[in-house]
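Each chain is listed here by its residues.
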Amino acid sequence: MKFTYFFTRRLFHSILVLVGLSILIFIIARILPGDPARLALGPFASKENVAHLRHEMGMDKPLHLQYVAYIKGIFHGDLGLSFQTRRSVSLDIAHYLPATIELVMASIVWVLVIGVPFGVLAGRYKDSWLDNLSRVVAFIGVAVPPFVVGLMGQLIFSYGLGILPTTGRLSLLMPPPPTRTGFLIVDSLIAGNFTALGDAFVHILLPSFAIAMTGIGQIARLTRGSVSDVLGKDYIEAARAFGIPDRYVTFKYMLKPSFIAPLTILGLTFASELGNAFLVETVFGWPGMAKYGIRAILRKDFNAIMGIVLIIGLAFVVVNFIVDVLAGYVDPRIRIREEE
Amino acid sequence: MTHPNMLEIRDLHVYFRGYEGVSRVLDGISLNVGRGERVGLAGETGCGKTVTMKTVMGVLKIPPAMVPHGEVILDGQNVLEMSAKQLLQIKGTRISMIFQDPMNALNPVFMVGEQLYDVIRFAQGDSGTGRKRFGTEIHDRAIAALEEVRLPDPERILRSYPLELSGGMRQRVLIAMALVNGPSFLIADEPQTALDVTIGAQILDLLSELVRTKGISVLLITHNLGVIQETTERVYVMYAGQIAETTPTPVLFKNPKHPYSQGLLASVPRLTGGEIAEGIRGTVPDYTVAPSGCRFHPRCDYVMSICSQRKPPSFPVEPDHYVGCWLYGKEGGSK
Ligand SMILES: Nc1ncnc2c1ncn2[C@@H]1O[C@H](COP(=O)(O)OP(=O)(O)OP(=O)(O)O)[C@@H](O)[C@H]1O
Ligand code: SF4
Ligand SMILES: [Mg+2]
Chain C
1 MKFTYFFTRR
11 LFHSILVLVG
21 LSILIFIIAR
31 ILPGDPARLA
41 LGPFASKENV
51 AHLRHEMGMD
61 KPLHLQYVAY
71 IKGIFHGDLG
81 LSFQTRRSVS
91 LDIAHYLPAT
101 IELVMASIVW
111 VLVIGVPFGV
121 LAGRYKDSWL
131 DNLSRVVAFI
141 GVAVPPFVVG
151 LMGQLIFSYG
161 LGILPTTGRL
171 SLLMPPPPTR
181 TGFLIVDSLI
191 AGNFTALGDA
201 FVHILLPSFA
211 IAMTGIGQIA
221 RLTRGSVSDV
231 LGKDYIEAAR
241 AFGIPDRYVT
251 FKYMLKPSFI
261 APLTILGLTF
271 ASELGNAFLV
281 ETVFGWPGMA
291 KYGIRAILRK
301 DFNAIMGIVL
311 IIGLAFVVVN
321 FIVDVLAGYV
331 DPRIRIREEE
Chain F
1 MTHPNMLEIR
11 DLHVYFRGYE
21 GVSRVLDGIS
31 LNVGRGERVG
41 LAGETGCGKT
51 VTMKTVMGVL
61 KIPPAMVPHG
71 EVILDGQNVL
81 EMSAKQLLQI
91 KGTRISMIFQ
101 DPMNALNPVF
111 MVGEQLYDVI
121 RFAQGDSGTG
131 RKRFGTEIHD
141 RAIAALEEVR
151 LPDPERILRS
161 YPLELSGGMR
171 QRVLIAMALV
181 NGPSFLIADE
191 PQTALDVTIG
201 AQILDLLSEL
211 VRTKGISVLL
221 ITHNLGVIQE
231 TTERVYVMYA
241 GQIAETTPTP
251 VLFKNPKHPY
261 SQGLLASVPR
271 LTGGEIAEGI
281 RGTVPDYTVA
291 PSGCRFHPRC
301 DYVMSICSQR
311 KPPSFPVEPD
321 HYVGCWLYGK
331 EGGSK
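Order-wise, the sequence lines are chains C and F. Under this note's numbering, the first sequence has 222 at position 222, and the numbering climbs by one with no breaks. Under this note's numbering, the second sequence has 168 at position 168, and the numbering climbs by one with no breaks.
Take these hints with a grain of salt, some might be off.
Facing chain F, a subset of chain C residues (Cβ under 10 Å, in silico) [stated by the list, open to error]: (1) Ala-239; (2) Arg-240; (3) Lys-252; (4) Pro-257; (5) Pro-287; (6) Val-317.
No more than 25 Å apart at the CA atoms, straight line, and that leaves these computed lysine to any residue pairs for SDA-like [as the list claims (entries may be wrong)]: (7) C:Lys-126 to F:Lys-214; (8) F:Lys-54 to F:Asp-286; (9) C:Lys-233 to F:Thr-50; (10) F:Lys-214 to F:Asp-286; (11) C:Lys-233 to F:Ser-83.
Here are some chain C residues the structure puts well away from chain F; computed CB gaps all over 10 Å [unchecked claim]: (12) Pro-43; (13) Glu-56; (14) Ser-171; (15) Ile-336.
FYI, nobody ran anything at the bench for these hints, they're computed from the structure. Note that the structure is a prediction, hence the values are computed from the model and not measured. Note that the Cβ used here is the ideal one computed from N, Cα and C, for glycine as well.
Model the full assembly from the supplied sequences, consistent with the hints where possible.
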């Protein structure tokens, strides 16, 4: 009952944010200096040709009609043509985006698998060597830019030890699995192709770790603070005093409230990792959104820019929605407060 | 073997290691609670009441805490020497407690029912690893426990989260949790202070009634002398980790002997509700550099040279009345 109410409210908020985002993107793209039609056709095109293209693109219509057309297009999966690739922007995005999302997801996995347990142990054994180590890791994560971590990783694991590949998503000679989702790891699983799976796996290790470094440090410190906070709470002592075994108290009564704080910032971690991915993709020759996006910006390929920003915004809104709903699910205080 | 006393604390020292050095909080306190007896432990804020309680309950974290000396004999067994497993067996079923602040003593992210069920099923020897025994039996016992503390609509309470309940309701839930497994000894740490006056009084009435009908021995910790007077038979007055005086409760109010007790009682009439005031000059000392000998000596009007040199033992002034003060050592002869 209460949870459904909370869920619906959050969903409604997210949709509002998306509408706002689409208006913002639309306006910014139209204010960008330069005439996209002229840019697309080059400096030697005749005035008539440019005017013709402007008409074809609907750019001679009033702004609000252009916006309506734009939204209609989005719902049909039509984000317009990219001037640089001469293909539909949605096709381009469908081609490049999965690589980036896969990379960011893998780095989120790093954050969850290393950052959270690390933080829990550091908080549980405060001021131990583990706690000090987590402090150092957090410091490095914040101080060293992800692309530097990536370069160092390449130096050590690729050139030095020769155990990890330097670039790309797959080895050159590895035939990729048939594209279903665009996520190589998922696609090779679907195809049951475990050689490709292993290859994709070793390729993603380094770049995703480079991206994850900052998040690992942040989440570890946050989790640590949260755990040590909860451990000092009366309700932990009360549970023990009422005869509930220590181990059970730790796993149930301590962990759940401790996870709320790290959970709520996971949305932000996702956003910053998406940003870091652009640099790290360049270092690792990762065929994702970075190259396409940068070229779109330099060439004022405004359909592509609008498409990319919209998709990234959408990803951000979706992730935050999931995080919010999870937080509300774990913590009744969040959803009950909202009702008042 | 039944031990004559429910609880015997003998010369208990509890220290904490911290950044500023070692805080010597409890400086050798001794305290008895007889079977079926209701005993008060009174003292101003920061004097070590909660630390005493946590030590008895075996929930003190060691380190940073340490117990360099002393015994806590519960029902004939030394709690400080018990294994974790032995402690687990007595918690909830033989000894239980009520917390000072009901707002923080329930876990905010679990429903009341879930917490109460756990308290019930672990007392039945559930190891926590096996299947959950959320049988109707546990449910029925949970409902009965909530009815006993006069909570209306217990089914709804079981499905509530703590923040959906008022402070008084939460304290009732906590009393239900403390008593559901039938302990024979209960420590109540200021069960009313965090609540407003009328609700607090209701909680105390409920608690006195329950322990009386069940014959539970009680150690009631409070800094409210009015509460001590109404609910206890005997009282210990504590100052800065030392026991100043112990006597049957009525005697304390008629004839306090220790200069600290006298100061306390002199300050009471000026207050509503009988809270202990900072009416005596000075404050509770910093435990890293606690005063030597009688810790009250920097604030005492009768201070003598011996007071800062040696800690006063408990001198009997009546058969049931002991005072930890050198003023009463003269005729008895100091040890
Ligand atoms: N874990 C700890 N580490 C260090 N010092 C502690 C710890 N727990 C308690 N103390 C110190 O012990 C002293 C007594 O604290 P305690 O909580 O027992 O007081 P109290 O008599 O219960 O006071 P109140 O009436 O405010 O509840 C305080 O000075 C406190 O700072
Ligand atoms: S022992 Fe000395 S300092 Fe302590 S209360 Fe008695 S007279 Fe005062
Ligand atoms: Mg206290």
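Hint-by-hint comparison with the structure:
Look at C:Ala-239: its Cβ gets to within about 7 Å of chain F, closer than 10 Å, so that hint holds up. Annotation: interface hint on C:Arg-240 holds; nearest CB of chain F at approximately 5 Å, less than 10 Å. Interface restraint check for C:Lys-252: the shortest CB-CB distance to chain F comes to about 8 Å, inside 10 Å, so the restraint holds. The beta carbon of C:Pro-257 is positioned within 10 Å of a beta carbon in chain F (closest approach about 5 Å), and the interface hint is therefore held.
A least Cβ separation of about 43 Å between C:Pro-287 and chain F goes past the 10 Å threshold, and the interface hint is therefore violated. Interface restraint check for C:Val-317: the shortest CB-CB distance to chain F comes to about 26 Å, outside 10 Å, so the restraint is violated. Taking the CA atoms of C:Lys-126 and F:Lys-214, the gap is about 42 Å. The hint is violated against a cut of 25 Å. Straight-line distance between C-alpha atoms of F:Lys-54 and F:Asp-286 comes to about 20 Å, which keeps the hinted pair within the 25 Å bound.
Restraint check for C:Lys-233 and F:Thr-50: the C-alpha separation of about 14 Å stays at or below 25 Å, so the hint holds. With a C-alpha separation of about 41 Å, the suggested pairing of F:Lys-214 with F:Asp-286 is violated against the 25 Å cut-off. For the hint linking C:Lys-233 to F:Ser-83, the alpha-carbon distance of about 24 Å falls within 25 Å, and the restraint holds. The non-interface label for C:Pro-43 is consistent with chain F: the shortest C-beta to C-beta separation is roughly 64 Å, beyond 10 Å.
Non-interface call for C:Glu-56 relative to chain F: holds, since the shortest CB-CB distance, roughly 57 Å, exceeds 10 Å. Distance check on C:Ser-171: its Cβ is at least 46 Å (rounded) from any Cβ of chain F, clearing the 10 Å threshold; non-interface status holds. With a least beta-carbon separation of about 6 Å from chain F, C:Ile-336 fails to lie farther than 10 Å from that chain, contradicting its non-interface assignment.
The structure fails hints 5, 6, 7, 10, 15 (numbered hints given earlier, in ascending order).
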